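Protein chains in written order, with my numbering: chain E, 152 to 433; chain S, 152 to 433; chain W, 262 to 572; chain L, 262 to 572.
Any given hint could turn out to be false.
Said to hold, decoys possible - Covered stretches of chain W (chain L as the covering partner; in silico rule of three or more C-beta atoms under 8 Å from a C-beta of chain L):
1. 431–437
2. 504–517
3. 534–548
Simulated from the structure, these hints should not be mistaken for lab results.
Quick caveat, the model's predicted, so the values are computed rather than measured.
Yeah, the Cβ is synthetic: ideal placement off N, Cα and C, and Gly gets one too.
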Amino acid sequence: MNKFAEQVVAEVVSNKRVGAYHHMVLSVGDLANHAKPGNFVAISVGGAGSSMVLRRAFAIYRATGRESGVGYIELVVAPHGQGSTWLTSRSAGDGVDLVGPLGTAFGIPTQPVRALLVGGGYGSAPLFGLSEVLKSRGCRVDMVLGASSAMKIYAPLEGKRSVNSLTITTDDGSTGIPGKVSDVIPELIENNQIDIIYSCGPMGMLEAITKIAVEKDVMHQCAIEESMACGIGICMTCVLPIKGEDGVIRMLRSCIDGPVVNGENVIWDSNREIPEGTWGAL
Amino acid sequence: MNKFAEQVVAEVVSNKRVGAYHHMVLSVGDLANHAKPGNFVAISVGGAGSSMVLRRAFAIYRATGRESGVGYIELVVAPHGQGSTWLTSRSAGDGVDLVGPLGTAFGIPTQPVRALLVGGGYGSAPLFGLSEVLKSRGCRVDMVLGASSAMKIYAPLEGKRSVNSLTITTDDGSTGIPGKVSDVIPELIENNQIDIIYSCGPMGMLEAITKIAVEKDVMHQCAIEESMACGIGICMTCVLPIKGEDGVIRMLRSCIDGPVVNGENVIWDSNREIPEGTWGAL
Amino acid sequence: MSFDYSASLGNTRFENPIFTASGCASSGRELSQFFDIRQLGAIVTKSIMVKPRSGRATPRMAETPSGMLNSIGLQGPGVDIFLEKDIPWLLEQNVPTVVSIAGESVEDYAVLARKMRGISGLKALEVNISCPNVENRGQVFACNSTTARAAIEAVRRNIGGELPIIAKLTPDVTNIVEIAEEVVAAGADGLALINTVLGMVIDTNTMRPKLAGKTGGLSGPAIRPVAVRAIYQVHAALPHVSILGMGGVSNGRDALELILAGASAVSIGTANFGNPSATMLVKRELEELLISKGFSSLKEAVGYAHRAEQL
Amino acid sequence: MSFDYSASLGNTRFENPIFTASGCASSGRELSQFFDIRQLGAIVTKSIMVKPRSGRATPRMAETPSGMLNSIGLQGPGVDIFLEKDIPWLLEQNVPTVVSIAGESVEDYAVLARKMRGISGLKALEVNISCPNVENRGQVFACNSTTARAAIEAVRRNIGGELPIIAKLTPDVTNIVEIAEEVVAAGADGLALINTVLGMVIDTNTMRPKLAGKTGGLSGPAIRPVAVRAIYQVHAALPHVSILGMGGVSNGRDALELILAGASAVSIGTANFGNPSATMLVKRELEELLISKGFSSLKEAVGYAHRAEQL
Ligand SMILES: Cc1cc2nc3c(=O)[nH]c(=O)nc-3n(C[C@H](O)[C@H](O)[C@H](O)COP(=O)(O)OP(=O)(O)OC[C@H]3O[C@@H](n4cnc5c(N)ncnc54)[C@H](O)[C@@H]3O)c2cc1C
Ligand SMILES: Cc1cc2nc3c(=O)[nH]c(=O)nc-3n(C[C@H](O)[C@H](O)[C@H](O)COP(=O)(O)OP(=O)(O)OC[C@H]3O[C@@H](n4cnc5c(N)ncnc54)[C@H](O)[C@@H]3O)c2cc1C
Ligand SMILES: Cc1cc2nc3c(=O)[nH]c(=O)nc-3n(C[C@H](O)[C@H](O)[C@H](O)COP(=O)(O)O)c2cc1C
Ligand SMILES: Cc1cc2nc3c(=O)[nH]c(=O)nc-3n(C[C@H](O)[C@H](O)[C@H](O)COP(=O)(O)O)c2cc1C
Ligand code: FES
Ligand code: FES
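Sequences and hints are given; from them, build the entire structure.
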């Protein structure tokens, strides 16, 4: 549970198309001061009279303007279905109902480490803010971004500047190295002597990265994306099987016990079933 | 059934607030050339992802621009519930899905007659176009408009010019004569030797006018407003008991056998029950 | 490769699977000004009764979130005038026609079936058994296996010939599969799923029920999940019985959902009110979707959501 | 003149009629960061079972037009941990608390009732009998008068004391009034109406049911007309039995609709997901509406839509 969460009417400050995405800046007041890399917000979509009853979750790309009462949150939104398309068609001046910051954040090491940040599609969004924090702590930051094609790589110039190296992969080879991010990660771990991987993207990608991280014995924190009805821990729809410190598997809520979790604790191969041995499984 | 009905995407040309109403101009193409006073249009409300599944009906206030392919329809819309509020918040350039012209039109006498036009609230909308047609046929046109208060009287300047006399009543006396339109009609019928009354407004008003018209033995055509699900004759929700030429009462569809009907044929006192003797009543 | 869009209900073949829903297209004339109604898989007429009926008092409808309530009360001219006026017009236009019948007693169903027997050119008979049974405390025929069975048996005995009988069921029952099995045993060739869901709206201004008839039938997108569930359950239990699916379909995706659940054809009701050309939109979009997913015929997709999990 | 906003269910008084719905507010902690949960008429806890449960596989939800499907499968810690952790916290916070219990057998209900007996400070017990009965082919208790009765009797026999029993019914039955009469005869002091409506969504991308559990419960504004109908019917038949109404309420107007139909208090479920402070909005708007309509108390408005027609 993110104790800073609050519900506000956020004003759209700007909305720009970037490749396949929309970069949106929202004025949210104090809330921005509590947002940490990995947190997300939940936004009402469709306006009055909408048939969409649930909020949509979006990772916080950046939070800026850290003075009292004034704060901005930036999002990277892919117009996909009805909800995100509604959001990306908002104009400057429009208000949206937003709850945030929500969920857990990426853990920041106290020592300077060598970090590899891996993003898939709009999953790159939270990584740039994270990269800034890591750099400010003296970490080396390498980044890999993957997507199906060039249009779906979100890597703004200022973002690129904040990393030591950026590797891009696309399924169709339209930019960067043809293939998946998981094809290039092992070598990057070796070459850059990576201590920790931070990742965000589709579940299949996170699973593949976990496998590599376990093999190479590096830490791995990932931001997962389960379908969420409430985002605040009251509906139990967003659960996934996670092994606790005590070795017991529990169906945890990815909205409040996540989205950032330790990759190796997730039971990835459950094939969406309740894994055997899960606490309370019948 | 209005054989000219078609479905178009109409572009909002302008949307201006006038008192309690919005005067809206829509570009509809050829459709405008077939619109007659008394006809209405049915508009989809709420946009994509809306929870409102039914169209809203609006009387055509005016239809202009009578050349091939270019035509405008004007509406007077009261922002009331969710549907009309959505419509009145459209801006110039927005498209709306519109079906029209629908329904029957006011019958125009072949001889020059003395007509009294009576409108309640936004019910005045179709009367100004009617007035123009009547004047062009050499008729004398007197008009009475009533509403609960001044803000709800819709009587634009150019409209006023098209009538020989305009009487206004308001329930609260905030403009014109305090009281109901039915208070002033009998005298107007006498003084102006009225041959026919045309009316449009709430059902209670139409019923009261019918009573007067029958007493004074003048013809009375009224545009009724029953709640409509389809507007095109396929749902049977908009029916009301009407006596036919053959003396038989039938539950007729006000969207295709109306909205303009002869007041004296409507069974007003049915109290929303099926009147005894109605054809097919069980 | 050409795509086979034809649909079958019982032994009858239709050019395409998109029908109007009973009571939502009157008798076809009104829609014909918006599109060529011969493009429909079939018109399903409003439910016709033995005698003329003026229906329920007004108000008869209330809009609800993503849906509407109606209580039309089966207003109509009665079967004789219907056969004299509406049917000849439809057959003359060459529109594939399914007649829907509704009775207040088992005898009514028998009478209506006999009247239909003589009409050549009809494609099927939809038997709306979601009407109150005046002989049984006004309980709806389809709410009870015994009365549901009796109504369908009466039709079966009296219809003769080849005309397929499609029994239309209400979802307002504890176990729709049980009723489905019963009417199939009684001779139904197919099932129409679903009729409206019983609901009510209270007008918070007058503080009374909004509809004159108090309760009404809920239709539209709001009930689509209920329709999909009913179709899926019944198709799982009776895979060889054709289903005419309906409930909240307004685009190709929605129609595909019902087809994947087990419907062989799809009726469009409430969507016609919001969009007079909804059927043509659904027809076009569904075909595109099926082709884009690699199906070579509509029939391949029927019940496709039931296939075994791939491992 | 001061307005009396208090509500009663059975013999228990609540400060106001706005509750959370079971399973839609977890155990209260999560909502407490958005508003002071002591402002609620009551928190109704998620349904608690005898043993810990991990619930159903994922995906567990699908959005639908003006609603959603869920198949959580009653994930929870089991009654012992619940009584050890959640209940003390709620009672400590001084939040009026209604515990919801759910069983898989009649014996489960008996066990749960005995466990609740000792807890002082609870306001009422909601008995969710819309769960599958493992002893009876997985049929839902509330789908059948005999099993519904047995579950409530088991609670009645074992609960002792004054704690009112509110039986929560499913609308997925042919005749909800019959089930209501049965559970009241078995000792229920009140009724909670309605649980979710059984539905299904098929994902047209994967072409399989979207939920891992295939079917799920439909909730939200889409089902409000069904809730209003059920409440109206049951209140008409059993005017002296209090009803806790729920189903698609997201604002004051919606809550008023259920109250006029016959609900003495109203639970808010799905609306919390879209708006964490939905309960407070409903509470404020409903009070304003009741006052503006000239009621001097909430109780005056309960069932007001049933009053005789004025002539
Ligand atoms: C923690 C988290 C962070 C996210 N961050 C971003 C982001 O930064 N940028 C971005 O564009 N999107 C992000 N998403 C996805 C976003 O919330 C929406 O799911 C997506 O925009 C599709 O919504 P829609 O209404 O357009 O699509 P629809 O298909 O109409 O959505 C229907 C329903 O399915 C759910 N759903 C659909 N796809 C997904 C999915 N992939 N994951 C989870 N739920 C889904 C929706 O929430 C909704 O309830 C995130 C999701 C989560 C859970
Ligand atoms: C033939 C006809 C002509 C009309 N002309 C005009 C016009 O020129 N200007 C104008 O502002 N409005 C007009 N109306 C009313 C208009 O169609 C809407 O009903 C009104 O705007 C309220 O819709 P809403 O969505 O804002 O309200 P809501 O209360 O949200 O509407 C809910 C439902 O109730 C129906 N409804 C509500 N009030 C009425 C009513 N008084 N009559 C019929 N149905 C109602 C709506 O159609 C809708 O289905 C006309 C209606 C008809 C039938
Ligand atoms: C206004 C209206 C009238 C209807 N009349 C009938 C009818 O006469 N006979 C019948 O079997 N079903 C009738 N129905 C039910 C529809 O045929 C259909 O089963 C139901 O509305 C669900 O489909 P939809 O959501 O596409 O409307 C009617 C529905 C509506 C909305
Ligand atoms: C995610 C979710 C979980 C639910 N869990 C329970 C539960 O544990 N016990 C119960 O009795 N009802 C449960 N319900 C049903 C609700 O309490 C309520 O009866 C129903 O959702 C209708 O109300 P609504 O439309 O306001 O959500 C659940 C509903 C939802 C949406
Ligand atoms: S989204 Fe509701 S509990 Fe996580
Ligand atoms: S509004 Fe549908 S028939 Fe008139």
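Evaluation of the provided hints:
With 4 residues having a Cβ less than 8 Å from any Cβ of chain L, the segment 431–437 of chain W passes the three-residue criterion, so the hint holds. Chain L is given as covering the segment 504–517 of chain W, and this holds because 3 residues of the stretch bring a CB closer than 8 Å to a CB of that chain, at least three being needed. For the segment 534–548 of chain W, the stated coverage by chain L is not satisfied: 0 residues place a CB nearer than 8 Å to a CB of that chain, which falls below the threshold of 3.
Checked against the numbered hints given earlier, the structure breaks only hint 3 and satisfies all the rest.
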